[in-house]
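Engineer: Sequences listed follow chains A and B, in order. First residue of the first sequence? That's 1 in the working numbering, and the numbers climb one at a time after it. First residue of the second sequence? That's 1001 in the working numbering, and the numbers climb one at a time after it.
Rather than coming from a laboratory, the hints here were simulated on the basis of the structure. Source: prediction; values computed, not measured. One or more of the hints may lead you astray.
With a Cα cut of at most 16 Å, we get these calculated EDC-like pairs of lysine to aspartate or glutamate [unchecked claim]:
no., chain 1, residue 1, chain 2, residue 2
1, A, K63, B, D1056
2, B, K1115, B, E1097
3, B, K1115, B, E1015
4, A, K32, B, D1086
5, A, K32, B, E1103
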Amino acid sequence: MSIQFTFFLGVYFVGFLFFFIVSLLNIYHLFKYAKGALGSKILLFSYSIVTIGLLALTAFLIKDIDLRQSLILFENNSFDFSQF
Amino acid sequence: MANLADRLHNPRPGEYIILYIHRHWIILFASIMKYIALAWVPVLVYFVLVMQGNFDWQGLSGLLFILGSSLFYLYLWLFLFNSLLDHYLDVWIVTNERIINVEQINLFSRLISEKQLDKMQDITVISKGFWPTIFNYGDVHIQTAGSVERFIFRQIHNPRRIVHAITDAAERYRIKFELDLDNDQPPEQSQPKPMSISQNE
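Chain A with its partners taken away, still in its complex shape (with noise of 0.2 Å):
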C-alpha cells in the first residue's frame, strides 16, 4: 500500500481552505463594524501581505520536490520507518 506525496498537498489544502474561510468571516467582521477606519485598512493590508508571502514561501520550498514520489506504507505486512 503507497501513498501518493500529492495526497499530502491535499490535506494540506483542505487545512487551507478552512483557515481561508475564517479569515473571510474576520474580514467581514473588521468591514462591518469597522468601516472606513485607518486601522481596520492596515490590519486588513497588513493581514493580506503576511497571508501571502507564507503561501508564497512554501510554494518556493516544494517546488523542487517531485511530488509524484510515493510513500509506502506497508510492504510484506511490514512498516517502514525508515521513509521518514
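Given chain A, put chain B in place with the hints provided.
Structural biologist: Leaving out everything else, chain B in the frame of chain A:
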C-alpha cells in the same frame, strides 16, 4: 473630536464622545508575545530532525515539515489576527449622554449594550495583581439602575481617571436633564401644584 457617525451606530443630536476606550496595550502585547513564542516551535522541530540525521528537504520528511510548518504559521497568523481584531473591536464609549459597551466575544458573538448616564448607581474600580499595578490598568464596574447586570470596562488604562471622567459626565448630564425639565414646563406650571383627581384620570 472623534467623528461621531463613524464611531457610534446611532448618534443622537447634540451628543459628543468624551471617552473612547480600548483595552490596555499591554494585553495585546502579551498576546503577541505568546504567538511569537509559539512561532519558534517549527524551528525547534527542524533542529531536532536535523540532529537525528534523517531530514531530507527533497524527501517525505522535507515535504511534511514544509506543509506542516506552513499550516502552523498560517493558523498562528490567523489567531494573532483574531487577537488584533478582538482588541480593535472591543470598545467602551462614554458620551455626554450615555455609556456604550461593545464587545466582540468571538467570531459569531458580539455584545452591544448602552445605558443613560443618569441610570448609573455606583462605580467600582478593580485593579489587582502585579502587572495591573505596574502598568496601571484594571476593570471599572458600573452598576446601573433597574438591572442586575453591570457594565464592565475591562483591562483599561488608568481606570481611576476614567471613573472621574464618567462621574463628571454623569453629573453634567443630570444638571442638563434637570435644566431641560425646568425649561419644558410652562411658566405658570413651574411651581408644583397639588395633584387633583382630574389629572389622574
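Engineer: Any of the earlier hints contradicted here, and which numbers?
Structural biologist: Those not satisfied: there are none.
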